[in-house]
Structures are given as C-alpha cells and as structure tokens.
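Work the whole structure out from these sequences, hints included.
Protein chains: 2
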Amino acid sequence: MTTNQLYNSYKEQMNRIADVKYSSALLQWDQETYLPAKAAAIRGQQIATLSELAHQFFTDEKLGNVLTELKLRDDLSEDEKRNVELTLEDYTKNKKYSSDFVRKMSEQVNKTFHSWIEARKKDSFSIFENDLDALVQLKRQETEILGYEKHRYNALLNEFEKGCTVDLLDKTFTGLLPSLKELLDRITSKEQVDNSFLKQHYPKADQWNWGMHLIKELNFDFEAGRQDISEHPFTINFSSTDVRITTRVDENNFSNMTWSCIHETGHAVYEQGLPESQYGLPLGEAASLSIHESQSRLWENNVGRSMTFWKYYFPRLQLYFPKQLGAIQLENFYKGINKVEPSLIRTEADELTYHFHVFIRYELEKNLISGAINTKDIPSFWNEQYKRYLGVSAASDKQGCLQDIHWSHGSFGYFPTYSLGSFYAAQIFSFAKKQLPGLEQELQNGNSLNLLNWLRENIHRHGRKFTSEELCRMITGKPLDIKDFMDYLLQKYTMIYNL
Amino acid sequence: MTTNQLYNSYKEQMNRIADVKYSSALLQWDQETYLPAKAAAIRGQQIATLSELAHQFFTDEKLGNVLTELKLRDDLSEDEKRNVELTLEDYTKNKKYSSDFVRKMSEQVNKTFHSWIEARKKDSFSIFENDLDALVQLKRQETEILGYEKHRYNALLNEFEKGCTVDLLDKTFTGLLPSLKELLDRITSKEQVDNSFLKQHYPKADQWNWGMHLIKELNFDFEAGRQDISEHPFTINFSSTDVRITTRVDENNFSNMTWSCIHETGHAVYEQGLPESQYGLPLGEAASLSIHESQSRLWENNVGRSMTFWKYYFPRLQLYFPKQLGAIQLENFYKGINKVEPSLIRTEADELTYHFHVFIRYELEKNLISGAINTKDIPSFWNEQYKRYLGVSAASDKQGCLQDIHWSHGSFGYFPTYSLGSFYAAQIFSFAKKQLPGLEQELQNGNSLNLLNWLRENIHRHGRKFTSEELCRMITGKPLDIKDFMDYLLQKYTMIYNL
Numbered sequence: 150m151t152t153n154q155l156y157n158s159y160k161e162q163m164n165r166i167a168d169v170k171y172s173s174a175l176l177q178w179d180q181e182t183y184l185p186a187k188a189a190a191i192r193g194q195q196i197a198t199l200s201e202l203a204h205q206f207f208t209d210e211k212l213g214n215v216l217t218e219l220k221l222r223d224d225l226s227e228d229e230k231r232n233v234e235l236t237l238e239d240y241t242k243n244k245k246y247s248s249d250f251v252r253k254m255s256e257q258v259n260k261t262f263h264s265w266i267e268a269r270k271k272d273s274f275s276i277f278e279n280d281l282d283a284l285v286q287l288k289r290q291e292t293e294i295l296g297y298e299k300h301r302y303n304a305l306l307n308e309f310e311k312g313c314t315v316d317l318l319d320k321t322f323t324g325l326l327p328s329l330k331e332l333l334d335r336i337t338s339k340e341q342v343d344n345s346f347l348k349q350h351y352p353k354a355d356q357w358n359w360g361m362h363l364i365k366e367l368n369f370d371f372e373a374g375r376q377d378i379s380e381h382p383f384t385i386n387f388s389s390t391d392v393r394i395t396t397r398v399d400e401n402n403f404s405n406m407t408w409s410c411i412h413e414t415g416h417a418v419y420e421q422g423l424p425e426s427q428y429g430l431p432l433g434e435a436a437s438l439s440i441h442e443s444q445s446r447l448w449e450n451n452v453g454r455s456m457t458f459w460k461y462y463f464p465r466l467q468l469y470f471p472k473q474l475g476a477i478q479l480e481n482f483y484k485g486i487n488k489v490e491p492s493l494i495r496t497e498a499d500e501l502t503y504h505f506h507v508f509i510r511y512e513l514e515k516n517l518i519s520g521a522i523n524t525k526d527i528p529s530f531w532n533e534q535y536k537r538y539l540g541v542s543a544a545s546d547k548q549g550c551l552q553d554i555h556w557s558h559g560s561f562g563y564f565p566t567y568s569l570g571s572f573y574a575a576q577i578f579s580f581a582k583k584q585l586p587g588l589e590q591e592l593q594n595g596n597s598l599n600l601l602n603w604l605r606e607n608i609h610r611h612g613r614k615f616t617s618e619e620l621c622r623m624i625t626g627k628p629l630d631i632k633d634f635m636d637y638l639l640q641k642y643t644m645i646y647n648l
Numbered sequence: 150m151t152t153n154q155l156y157n158s159y160k161e162q163m164n165r166i167a168d169v170k171y172s173s174a175l176l177q178w179d180q181e182t183y184l185p186a187k188a189a190a191i192r193g194q195q196i197a198t199l200s201e202l203a204h205q206f207f208t209d210e211k212l213g214n215v216l217t218e219l220k221l222r223d224d225l226s227e228d229e230k231r232n233v234e235l236t237l238e239d240y241t242k243n244k245k246y247s248s249d250f251v252r253k254m255s256e257q258v259n260k261t262f263h264s265w266i267e268a269r270k271k272d273s274f275s276i277f278e279n280d281l282d283a284l285v286q287l288k289r290q291e292t293e294i295l296g297y298e299k300h301r302y303n304a305l306l307n308e309f310e311k312g313c314t315v316d317l318l319d320k321t322f323t324g325l326l327p328s329l330k331e332l333l334d335r336i337t338s339k340e341q342v343d344n345s346f347l348k349q350h351y352p353k354a355d356q357w358n359w360g361m362h363l364i365k366e367l368n369f370d371f372e373a374g375r376q377d378i379s380e381h382p383f384t385i386n387f388s389s390t391d392v393r394i395t396t397r398v399d400e401n402n403f404s405n406m407t408w409s410c411i412h413e414t415g416h417a418v419y420e421q422g423l424p425e426s427q428y429g430l431p432l433g434e435a436a437s438l439s440i441h442e443s444q445s446r447l448w449e450n451n452v453g454r455s456m457t458f459w460k461y462y463f464p465r466l467q468l469y470f471p472k473q474l475g476a477i478q479l480e481n482f483y484k485g486i487n488k489v490e491p492s493l494i495r496t497e498a499d500e501l502t503y504h505f506h507v508f509i510r511y512e513l514e515k516n517l518i519s520g521a522i523n524t525k526d527i528p529s530f531w532n533e534q535y536k537r538y539l540g541v542s543a544a545s546d547k548q549g550c551l552q553d554i555h556w557s558h559g560s561f562g563y564f565p566t567y568s569l570g571s572f573y574a575a576q577i578f579s580f581a582k583k584q585l586p587g588l589e590q591e592l593q594n595g596n597s598l599n600l601l602n603w604l605r606e607n608i609h610r611h612g613r614k615f616t617s618e619e620l621c622r623m624i625t626g627k628p629l630d631i632k633d634f635m636d637y638l639l640q641k642y643t644m645i646y647n648l
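From first to last, the protein sequence lines are chains A and B. Each step along the first sequence adds one to the number in our numbering, with nothing skipped, and position 166 is 315. Each step along the second sequence adds one to the number in our numbering, with nothing skipped, and position 65 is 214.
Misleading hints may appear alongside valid ones.
[Stated by the list, open to error] With a cut-off of at most 20 Å between alpha-carbon atoms, the simulated SDA-like pairs for lysine to any residue come out as follows:
1) A:187 <-> B:433
2) A:170 <-> B:194
3) A:170 <-> B:200
4) B:170 <-> A:200
5) A:547 <-> A:275
6) B:187 <-> A:427
7) A:187 <-> B:610
8) B:170 <-> A:275
9) A:187 <-> B:197
10) B:160 <-> A:201
11) A:170 <-> B:433
12) A:170 <-> B:197
13) B:187 <-> A:275
[Claimed, not checked] Over the 10 Å line for every Cβ pair with chain B, so calculated as not near, a few chain A residues:
14) 246
15) 275
16) 298
17) 391
18) 427
19) 485
20) 537
21) 585
22) 593
[Said to hold, decoys possible] Pairwise CB distance ranges, derived in the manner of DEER restraints:
23) B:589 <-> A:190: 54 to 64 Å
24) A:267 <-> B:250: 21 to 31 Å
25) A:377 <-> B:596: 34 to 44 Å
26) B:223 <-> A:190: 31 to 41 Å
27) A:197 <-> B:253: 28 to 38 Å
28) B:244 <-> A:555: 46 to 56 Å
Keep in mind the hints are simulated off the structure, nothing from the lab. None of these values were measured; they are calculated from a predicted model. All C-beta atoms in this analysis are idealised placements derived from N, C-alpha and C, irrespective of residue type, glycine included.
Right, here's the structure in full:
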C-alpha cells in the first residue's frame, strides 16, 4: 500500500471510532438534559454498549498494524506524523488493559456512582466507603498496569495531564500556597466587600436571556452548538461543528448562571476552534485538560471578572435587571463579584481560596493511592485540612468529602488540572495583553474577537499537536510559572481590598 | 449449551443490536430537533456508521448459528419460540442483501434525498427525476433479491406490512372508492361548513401549553417520554421507557398542532405500552406499520374528532383561546374540524378524501415498480389522477408529486399502511365500544384511560407476536373489513352535512 492509502485507512478507522464515541457522548448529553426519568437504566446500558464498541475498535490489531506500518514511513507530513505518533501512544496504552479489567472497572464505577448518589442523599460517607474503597484498590491496580516512575499516583496524573507528576505539583503548590495564605490573611484583616446584591431574586427567564446574550457576545457560534439546562453545567462536543454547553439557573443567586455561561463558553470556543478536517484524530482534539481549563478560566476570570469587561457589560446587565442592579455602582458590582471568602464548596469558591480546595484533594488522592491513608480516613483527613488551610468546618459529609462527583467516576488525578488551568490562564492572558496592545481597549468596548482569534491562532488550531508545556513555552517563551497568577491576584485584590 | 444459556446469548446479541439501533435513533431525533446547522454533514456520517454496525451485527453468522440451534429446541416458552421465529425470518431476509447492494442503496437514498430537497426548493420535478429513477431501478433489483409471487410490488409491500399484497389492496380499494366517491358527491351537493375560525391567529406559546395539556390528558407518560418541536411531527423511541414525540406550531392554523399532538400521542402510548422486558426482541416491537397507524388514527380521528370528545374538551379549549373561540358554538367547532374538501396536500386532507391521496400513490408505485409507467411520467400521471379522483389540479410539482418525503427515502410500499391504519382503527374502535359499554360516557367525561387499557390489553402488550390480520381477528372476530370504516364516515357526515 502507498503511504497515502495506508494513512487513509488509518483515518477511516479513526473516523469510525469517533462516530461511535461521539454518539455515546450525545447519549450522555441527552441523559443530562432531556432524558425521561424511567429511561435511566436502559440509557446506561446503551452508553455502555457504545463505549465497549469504541474500546474494542480502538484496540483492534488491524489498527495497531496500520499504525506500526505508518510509523516506518518517512513520507508523512509533519501533522500526519504527529497524529500517528499520538494514536500509537494511545493505542499502546489501551492495549495494556485486559477486557476483564475494563469490565471490572466499568462495573465498579457504576456501583460507586450509585453509592455516591445514595450517600449524598442520606448525607453519610459510610454508605459510600466500601464501594469507593473497592474503586481505589482497582485504581491502584491500574497504576501497576500503566506503570510509573517514582510515585504510584504519577500513573493516574499522567492519564489526565500528560507528563504531570507529583514532583511538579508538589513544587508548584509549595511555591504557591504560602503566598496565597499570606494574601488571604491580608485580605481578611481588611474591610470586607458586600456582595449581598447578588443574592436577590433574579427571575429565571431574564437570567436565561441575559446568559444567551452574553454567550453570543463572547463569540460562541450558535450554528455550531447550543446551550441547554442541566443540573451541573458542562461542555460536550460531537465534532467541532457541534459543541454543546449547559448551564443552571439559581433564581436566588445571580453568580451561578452568569459565570458558568462564560466558563463553559471558554471551553466551547476552544472546541469550536479545533480543525474540522482532523475529526477523530489527535490533531482534532484539545491539547490537554489543563489547557482546556485555561481557556474556560481565562474567559471566566481574567476577562469575565475584570473591571475592563464590566465597564462595557454592567450598564447592559442593568437593563436586564433594573430592579436588582439599577442602584448598584459598577465599582461595587466589581468588588462583589470578586469577594474573597474561605468556604466549604469548591465550585463556589473565589479565585484565591479555590486552590486550597484543589490542594486538599490532591494531597488526599496522593496519600490514598500511595496507601499512606485509608479510604475510611477520608472524612477526618478532609475536615482537618479544611480547618488548617481555610479555617472552616463542614457540618456534614455532603458539604465536605461527598461534594464532588469525580471519585465516584474513578477520576483520581483530575483535580490538579483545575489549578493548572488557572495558572496557565494567567500566564497566557498576561502574554496576550503584551502581544495585543489594543486588547484592554477592545474588551472595554465589548469586543473580544481579537482575543479569541489570538487564542485560535496560538492554541486552538494546533489540536493535540503540542503538550501543555510545549504550548506554554511556544506562546509565552517560558514553562509554567505561577508568578503571572500571583501577580494577577495581587493586582486585583490590592485594588479591591486597599491592601 | 442449555436452552436457557442459548436463549440468553441470543438475547444478549439482540440487546447489543438494539443499543446501537436506538442510539442511531437518538442521533436522528436530535437531528430533527436540536442539531446546529453546521453539524449536518458529520451527523449524517455518524448515523451511517451506527446503521452499518447494526446491520453488520444483525447479519453476523454467530447470531445465525444461535438462531438455527434455538429453532431445534423444544423447551422454549411460547413467547421465546415466537421471538426466535421472527428473528430468524428477519435474519434470513437481511442475509439476502449483499453488503455491496446495501452500500449502493444507502448512497443512492442519500443522493435522492438531497435531490428531492433541491427539487422542492426550485419547485421542479426534473431536478429529482434522474436520482429517483436510479432509486426505482434499485428497488426493482431489491424485489428480485427478496423474491415475490404474482406482482413485483408485493415484495416491497411486504417490507412494510407483512403479508400485504396487490390483490388485497386492489380488492380493498375497489370495494371502498365508489362508496367514498358517492359520499363525497353527496357532501359536495350540500351546504358547506365553515372552518374559518381555525385560521385565526393562535399564539405559539398558548398552542404549546394546550397541546401539552392534551397529551397529558391522553395518558402520555412524561416519565417515559417527552415532546419537542420539529419541522415535521414524528414519534421515535429508544425503548418503551423513552418515547419521544414532536409537533409543529402554525400560528395561523389551529388544526396543525392539536391533531398532530393527538396523532403522535396515539403512536407513543402504543410504544410506551410495549413490554419493557422484551427490549430489543420482536415481542418488544410494534406489530406492524398499519397497526401502529391504527393507534394514532384511532386517537386522532375516532376519538379526537368526535363530538363526545369535544363535549368535554371544547369548554377547556375555549379557556386557552377565549378571543378566538369564545364565541364559537361546540356544534360549529365540531363541524369545522370535520370539514370535507378535496385538496392537494395529503397531510392536510380530511378523513374521507385522504384515501384518494393514498390510492393515487399506491397506483403510481405499483405501475412504477412493475415498469408499466416510467419515472418521467410521474407528474402527468399524478396530475391526471388528482383531476380524476379529487377534481383538483396542482399549480406546481411542489404541491403535487414532490410533496411527500417517502420516495426520496426509497420507501415504496409505505403509503398503503396509512389507509389500512384508518380501516383497522374504525374496526377496532367500533369493537371497543361494544366491549366497553361505558366508553362513550367516559370519553364525554374526559376519561380515556379505560380505552387505553383495553388497547394495551388487546394490542400493545403483544408486541410483534401476531400479524395485523391475526390481531384484527383476535380482537374483532373477523379479518379487515372496510364496512366499519364506511359506517363510521356515513354516520359522521350524515349528521354534519344533513345527508
């Protein structure tokens, strides 16, 4: 076969896998948005069947043979070569799992997820404990299957963020936490800001209209996606021409919907900016979870919680909610939406204390996977750490170690990518401002298209071609550096809290 | 293997096929309701991949072997035996198609569908002609593959309605048409009824609320289904616990949404009444297209256009539309919604003239497949027949032979099931009234649950266990008989038109 024929056969196989994978994703989207109650069990089965098929196709020897053969060819284009390399990596990793292990894991995840639901309902970790422990043991087995250097947890971190290690995270957090703590203490000693106006009654329909308006303003392409309502906001894609975001509306809390809309739009414009021609191939996928999160957080925080942004949008927002916000000053609105306050729930945390939430989960997972602590110790470990870092105590497990869905899905090693996302966002945005001298003024005029195009050019169009680290170096000229993030926080809170 | 093990292996394989088939159905539902414009092409590809997989699994030798082996076992229950028989029939039929032919057909259908869209846009049959002709030739090939007795068209009829033949349809229509024509002439000679009040402005949101109310009243289970908006109303299911209907709202025509809601609910409660335990197996599927249609039409017409029904619902409807209907008398409403008038568009036809529309299509298809007329003759044949039977002439192809989607999908032999549905509906409903002496009174009190339960007991719960003909005999004690249908029309129109 000519290289061209061989590459086409590879592409065809990958396209078929993508079709099945994205079909399964649509079933999941539907499950979270529109599925009738009685269909839950059968839907679970349908998703499992498609996932199994996708796995089966992706571990097919035929694909392996084509990949091995393509690897030997020297007349592939640079992009083609990269696709083949990355696919071969994925393929080799997938082949390590026996189908027996895959089935066991999938069954245990299913059981653990239902225990978590039940445990939350009854507000009791003990209902979750046994299934969670069985899952932790399987994840420990998985680290053996995958292999690792130095720390067992590295194998799992690497699943969500290629190249991410305990060493790197320990170094990053060790560098960051004392500065964060110091900043937090300085803020706490100052006069606190008032954000009570965010907790008034904001009618659902008005919030929805405002959110849709905002999304459109932020260049979400409604011809290549849509927004719906779900219990927890998320972004999911079935191609770069079909990217769906969801949101939720809390009538008594304005923050909930607005920043979830901006956050998910950040994820979505990344997916919409991936090259359509690379459908089903690595170069048609996002670079990594942390880069994905950097896009959502750049829009949500660096843009969407900035004075520049609200100078333009606050008068417009007031037109949607004249009764609630008509009498509020822009400056007080800005301060209110940036209020810092140690709290129990990660998803509601401010930009500063957020990273303590992540750090606590990271420490817990690291010790759980290494075996240094046991599953039964989670609640006490959790509560101690929250007391220590944030000075708060959860009244119950639901407000504590049962709050996140991740472990019930077997996603150990995921949380750190949230913090990395914030750090990358600050570094990238700081560099974007240097490269786009008119940016501040544009944002102040409600024009964010140039910023999006810059992100498209520097990040989105590359797909998975580069790792997070490579992208970061290419764009900013240096590896991940928390200095930009700290500078960003310092500048913001100095102004808000008169530090 | 024990029979039990063998039957479980059969069930497992069928479940997997159903999972893939229903996933594909969800992709289609989404395509008609929520798909963003730019995703059309990739969605087509995703659906094609799933359809191909379902076909591949269903023609897998492994399934054939299990079926052949099961057929020899004598310790299956009656239902299990029937499942195996029906699946083996389906399997044997599917195996007749070469994958080459399946691909050719699927490609030609795709091309023809797009030509039809284009032809409608430009209002010109000639744009459709070549692709349609290629499709007709493939359908003729298909009749050779499937085999047939007497008439080539029988092979295609049998695909949509097992056992249906040209002989049967000729006999049925020959018996019916003169009486219909005579009735139509008598009606035309009388004073015509006024239905102009249906063409006022009925706001979208009010129509939606009214439609949702009506659906709930008719026992559609919203925990096992939902309603959405699409361009053309349809019912689709992904299990008996997830049945979705769609409707459309025409603000200037009240009829459009209300009776489409009732019609699709008729289909939906059938699907919701199929046994959940038979998911993926023949006994979990509807008996036939004509029986399916009998359920939608029984609710839409025999119930939903009856005086009994509106005695209860008209005062309630007036509360939704006081401005439009407040001054209309029940009797005039009833007459208006049953107005008979020869027209060009099948989907808007009344209960009487509707069957001329079907008959014309039937005659056309029969002659097209036998070769008695050529594809290029369709417009002239069409127009002659409409003139002859209904006395109307289409100003353009769009109002004429381009109006229905069916041929562009390759669905030749489908139309007759619509008429059969009406005939079965009349026969079944007439018998239901005999068996449920309180029925009229119940319906007049807005209570249709007993009727639904009777249909569940006599039809729904059996799935595909019996053919249309068998079901009809079991329920009414006789085969299909158009007398009930004619009696129903005579009685209705005698009252409305003072015949």
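Results for each hint:
1. A:187 <-> B:433: holds, 17 Å
2. A:170 <-> B:194: Holds, because 13 Å separates the two Cα atoms, which is no more than 20 Å.
3. A:170 <-> B:200: Holds - the C-alpha atoms of residue 200 of chain B and residue 170 of chain A are around 15 Å apart, at most 20 Å.
4. B:170 <-> A:200: holds, 15 Å
5. A:547 <-> A:275: holds, 12 Å
6. B:187 <-> A:427: holds, 16 Å
7. A:187 <-> B:610: holds, 18 Å
8. B:170 <-> A:275: At roughly 40 Å apart (the allowed maximum being 20 Å), residue 275 of chain A and residue 170 of chain B break the hint.
9. A:187 <-> B:197: violated, 28 Å
10. B:160 <-> A:201: holds, 17 Å
11. A:170 <-> B:433: Not OK: residue 170 of chain A and residue 433 of chain B at ~27 Å, beyond 20 Å, violated.
12. A:170 <-> B:197: holds, 14 Å
13. B:187 <-> A:275: Judged against 20 Å, a Cα distance of about 48 Å means the pair is violated.
14. 246: Residue 246 of chain A clear of chain B: closest Cβ-Cβ about 20 Å, beyond 10 Å.
15. 275: holds, 31 Å
16. 298: holds, 39 Å
17. 391: violated, 4 Å
18. 427: Correct as stated: the minimum Cβ-Cβ distance to chain B is 12 Å, above 10 Å.
19. 485: holds, 35 Å
20. 537: The claim holds: residue 537 of chain A sits with its nearest Cβ about 46 Å from chain B, beyond 10 Å.
21. 585: holds, 28 Å
22. 593: holds, 31 Å
23. B:589 <-> A:190: 54 to 64 Å: violated, 40 Å
24. A:267 <-> B:250: 21 to 31 Å: Since residue 267 of chain A and residue 250 of chain B have Cβ atoms about 52 Å apart, the given range 21 to 31 Å is violated.
25. A:377 <-> B:596: 34 to 44 Å: Given range 34 to 44 Å: holds, Cβ gap about 36 Å.
26. B:223 <-> A:190: 31 to 41 Å: The hinted range 31 to 41 Å holds for residue 223 of chain B and residue 190 of chain A, with Cβ atoms some 33 Å apart.
27. A:197 <-> B:253: 28 to 38 Å: holds, 34 Å
28. B:244 <-> A:555: 46 to 56 Å: With Cβ atoms ~47 Å apart, the hint holds.
Checked against the numbered hints above, the structure violates hints 8, 9, 11, 13, 17, 23, 24; every other hint is satisfied.
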